[in-house]
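Residue numbers (this note's numbering), protein chains in the order written: chain A, 1 to 377; chain D, 378 to 754; chain R, 755 to 1131.
Treat the hints with care, since some could be wrong.
[What the hints assert, rightly or not] Below, a sample of chain A positions facing chain R; criterion: calculated Cβ distance under 7 angstroms: (1) Ser288; (2) Ile293; (3) Gln294; (4) Val295; (5) Pro317; (6) Val325.
Don't read these hints as lab results, they were simulated from the structure.
By construction, the Cβ of each residue, glycine as well, lies at the ideal position given by its N, Cα and C atoms.
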Amino acid sequence: MGRISVAGVPSYESVTSLFEGYAKEDPTYTAQLCVHVDGERVIDLAQGMGPDALVPVYSSTKGASATVISLLVQQGRLDLSAVVAEYWPEFAQAGKESVTVRQLLSHQAGLPGVDGGFSWEELLAHGQMAERLAAQRPFWAPGQAFMYHGLTIGTLADELVRRIDGRTMTEAFQQEVTGPRGIDFWMGTPESEDHRCVEALPPTAEELTSFLQESPGALGGGDALGALSIPAGGALDLLARVNDPGFRRVGQPAAGGLSSARGLAALYAGLRHDLGGVPRLLTEDTISQMSQIQVAGTELGTGLPARFGVMFQVPCPPRWSFGGVGAFGHDGAGGSLAFCDPRLGIAFGYTVQRLPLPGGMDKRAVELARAVRSCLR
Amino acid sequence: MGRISVAGVPSYESVTSLFEGYAKEDPTYTAQLCVHVDGERVIDLAQGMGPDALVPVYSSTKGASATVISLLVQQGRLDLSAVVAEYWPEFAQAGKESVTVRQLLSHQAGLPGVDGGFSWEELLAHGQMAERLAAQRPFWAPGQAFMYHGLTIGTLADELVRRIDGRTMTEAFQQEVTGPRGIDFWMGTPESEDHRCVEALPPTAEELTSFLQESPGALGGGDALGALSIPAGGALDLLARVNDPGFRRVGQPAAGGLSSARGLAALYAGLRHDLGGVPRLLTEDTISQMSQIQVAGTELGTGLPARFGVMFQVPCPPRWSFGGVGAFGHDGAGGSLAFCDPRLGIAFGYTVQRLPLPGGMDKRAVELARAVRSCLR
Amino acid sequence: MGRISVAGVPSYESVTSLFEGYAKEDPTYTAQLCVHVDGERVIDLAQGMGPDALVPVYSSTKGASATVISLLVQQGRLDLSAVVAEYWPEFAQAGKESVTVRQLLSHQAGLPGVDGGFSWEELLAHGQMAERLAAQRPFWAPGQAFMYHGLTIGTLADELVRRIDGRTMTEAFQQEVTGPRGIDFWMGTPESEDHRCVEALPPTAEELTSFLQESPGALGGGDALGALSIPAGGALDLLARVNDPGFRRVGQPAAGGLSSARGLAALYAGLRHDLGGVPRLLTEDTISQMSQIQVAGTELGTGLPARFGVMFQVPCPPRWSFGGVGAFGHDGAGGSLAFCDPRLGIAFGYTVQRLPLPGGMDKRAVELARAVRSCLR
Chain A
1 MGRISVAGVP SYESVTSLFE GYAKEDPTYT AQLCVHVDGE RVIDLAQGMG
51 PDALVPVYSS TKGASATVIS LLVQQGRLDL SAVVAEYWPE FAQAGKESVT
101 VRQLLSHQAG LPGVDGGFSW EELLAHGQMA ERLAAQRPFW APGQAFMYHG
151 LTIGTLADEL VRRIDGRTMT EAFQQEVTGP RGIDFWMGTP ESEDHRCVEA
201 LPPTAEELTS FLQESPGALG GGDALGALSI PAGGALDLLA RVNDPGFRRV
251 GQPAAGGLSS ARGLAALYAG LRHDLGGVPR LLTEDTISQM SQIQVAGTEL
301 GTGLPARFGV MFQVPCPPRW SFGGVGAFGH DGAGGSLAFC DPRLGIAFGY
351 TVQRLPLPGG MDKRAVELAR AVRSCLR
Chain D
378 MGRISVAGVP SYESVTSLFE GYAKEDPTYT AQLCVHVDGE RVIDLAQGMG
428 PDALVPVYSS TKGASATVIS LLVQQGRLDL SAVVAEYWPE FAQAGKESVT
478 VRQLLSHQAG LPGVDGGFSW EELLAHGQMA ERLAAQRPFW APGQAFMYHG
528 LTIGTLADEL VRRIDGRTMT EAFQQEVTGP RGIDFWMGTP ESEDHRCVEA
578 LPPTAEELTS FLQESPGALG GGDALGALSI PAGGALDLLA RVNDPGFRRV
628 GQPAAGGLSS ARGLAALYAG LRHDLGGVPR LLTEDTISQM SQIQVAGTEL
678 GTGLPARFGV MFQVPCPPRW SFGGVGAFGH DGAGGSLAFC DPRLGIAFGY
728 TVQRLPLPGG MDKRAVELAR AVRSCLR
Chain R
755 MGRISVAGVP SYESVTSLFE GYAKEDPTYT AQLCVHVDGE RVIDLAQGMG
805 PDALVPVYSS TKGASATVIS LLVQQGRLDL SAVVAEYWPE FAQAGKESVT
855 VRQLLSHQAG LPGVDGGFSW EELLAHGQMA ERLAAQRPFW APGQAFMYHG
905 LTIGTLADEL VRRIDGRTMT EAFQQEVTGP RGIDFWMGTP ESEDHRCVEA
955 LPPTAEELTS FLQESPGALG GGDALGALSI PAGGALDLLA RVNDPGFRRV
1005 GQPAAGGLSS ARGLAALYAG LRHDLGGVPR LLTEDTISQM SQIQVAGTEL
1055 GTGLPARFGV MFQVPCPPRW SFGGVGAFGH DGAGGSLAFC DPRLGIAFGY
1105 TVQRLPLPGG MDKRAVELAR AVRSCLR
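Okay, chain A solo, but in the shape it has when bound (with noise of 0.2 angstroms):
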């Protein structure tokens, strides 16, 4: 991957060109890479699909709640040390008295799902799924282990925001972070963006077989935790729906946001670069509070390495090897990244229409992240 620069601007030919080739290599890729650096947006390109189209990005919408987290966090009305029940009483019960934010907001609370299951349903009404959580025993001794909370995070961490703010995730999120920067990220998307929303699409049953073939159990799971995390209906069924305009209405703050690229690159760029006239959002030192470390391992559930920090995802190479040191972001099922690499100046983002199997950040957006590091070192 070269860097061909001219009066020491960095070219990003490299990263078009290998977007590109994706799209030769499959006529039917449909896709959208927005690129800031240093506050500046370098690239920005779509295929298959306008630049303002917007898709279902999943567990992306994990990052977008961590920014109102950290806005929390720096104001100092949330402390991620302190144990959750100081801002939700009612969280006390059930042996979780001295669980703490930063364990609760990283996967290692034992909270992936309810006994008895959660309908979906429940999960967009909120109310009564808090009440669920709060009376919940751990599934594992918090701390002593950690699985992806896949749903449930944004139903406690939209709790925690009612709690100390008042308002709900979404509201928070569209009035602090998104509104006044004219960020094109919708947590609850309204009817008036409709036309511009494009269905996430599943993969092709050849991509299915041929998958099946390559890895047989990829998607067998084997560990009956993992199926704690989502109601039944398990992971098809969510990517059913994720089309759906009731649920794309909601924007759960786990999983229920749609996105553009620029939306993605432009939420990861407002944290640390003045954005449509309004100052960056976060200090440096809330960053590093919040893309810290919080839990390193191998996940129950899946079995495979994760590291997160505060609801972020931070790198963990092979598995997500998406940026450097003091990188954080989240991927979607349906294929999305969006991520922040200070060191770089990056902030990036990328949607795919068609989920690549087995599901998460899509292989190519991790080539195109490395492609525009390469450019920049």
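Since the structure of chain A is already known, use the hints to place chains D and R on it.
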């Protein structure tokens, strides 16, 4: 594994066929299987020995000891989060002041053995062994790692029971758990039952040769820590030891029990159901405390993945795939398996006379457990 | 490895043969081996250099620094369970208020480097480096993960010594440990010894090629965290650095020592035995505190299994198979190995001039250690 049900009543023919198939494959197969579902005994099979034969069940004894611990927790006499020294002041030596009960009872306290080793005689006599463990500096910083305390966990749990209750583990078990309910599990087998006792058998030379060819080094270990947990003479000596009437009489609370599959299944059925006219032993809340994952990961010594609740094993696929979320129980080195899977209402007991390599839960027991689950879903 | 003993005295001919065999296999083999058993020097071999040649021993220096820490613990001046800030108040910055000494000294504190990197000059000058580490936000939540602090652990331990004792690590080491006992280990090698110093050699091009063919990617890493722990220039620069007289003079407490195998073995022998007419340095209780496993698992950075006591490495098979339960010591990147195995009374020292790939304890050293153990059992 098909499920055939008449008027909503599941049939367990698939399980019976599977069990009978093992006997056809191997004419020397000598085993028992007993299963309760929702408090009713639905499977009761024996092959090569009578259904009331008593078999050394090695570490399935830990599940029996765990029921006594559960009772103390339920009665509010033992707090899992308290430090051990609250109940056992002499334990507060050599850096163990802040070791908690839950760490002690989930193989995290760093006490798989003692400096200089210990003898079978010391182990069975209890008193001096408990004193040595109280004085011992943990082999790792408590809570920082875990390794199966194959024998000492019995001494440690027993001493806790003695300090809190005044009775020994075996007395409390007989008087509170098995006696009133007529459960055929013996922690300390009296002479009166000797006529029913069956000898545990080692693997045949043929099995051993073929196993070592397929898994060279499987019995080697390599981590010297592993040898701490048993007296000199090692695992092979343990295999012989369980057939000694003196050993059998003591009923060491980690490995000294004898039971039929009927006894194992009844033990776990009685936790959640009336048995022999006596109310269930434990509440769901107590069960959820005891079965909660206390530690998960790679254990020292074997280098294998493991998960423990409080004294109980919990499912850890693919190594221990005996049940779903919330299941708990314990296998034995000789191949036995006993567990409760509350979500499906299963209480499962299995014994086998000849140790299946590499030791621990018989693969056939795991397959039988899967077959039972298939009948219920 | 046969053991031939005359009148109860073990013979170490098998060890000698093994060492001589390496020289026959590889005519350029340049190494020293020295072993004490129960306080007596029983093996003393050198090949390609004299037995008193001083070789850069890289991280085996950490074992030397650990002896000074051990003394402070034994004297009751340093409590491993206390927070670092009790001795070093400025350390209580950026979320490090509750980091304990045992976390700091077992690679768990999240301080393998500093934001923006550090230079060799800063490292050797100590003062500013210590300040930067005190101000640094940990790269992971302390205690939640671990990664080898290849160089900074020297600065951190040195600063603790300075705060508690007033002397520097190198002064305390020379005055309390090596000086009185005449141990030929130099943390800060004076000009007077330069004539005995041997240059550390990199692997030959042939070795490097063949290694990379067998283990492609072995030197690649992939986890950006790994690069935090050394100045820009990386590991290759470290290899050259140790041959610089200025570097040698300083004796950086993590990696700057020079020693003969005689010095290494004497260092560990003196911990438990009279040496040069001076009583043993440490009690068995101090040793058991320092050698207790503080952390075990997969380290960040390399992704390899590791176990650490307090500053000392402890055996972690199959990666570090140098001893039995209770053994402790430290290897060096250049291939050296030094350890004490108290159960067998072994104090072991080994140096080698040319770095054996992939770096760290020479496989031959591990084989020699095994051979010594075989002679004693």
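So, going through the hints one by one against the coordinates:
no. : hint   : in the structure
1   : Ser288 : 5 angstroms, holds
2   : Ile293 : 4 angstroms, holds
3   : Gln294 : 5 angstroms, holds
4   : Val295 : 6 angstroms, holds
5   : Pro317 : 4 angstroms, holds
6   : Val325 : 5 angstroms, holds
Going down the numbered hints, you'll see the structure goes against none, and every one checks out.
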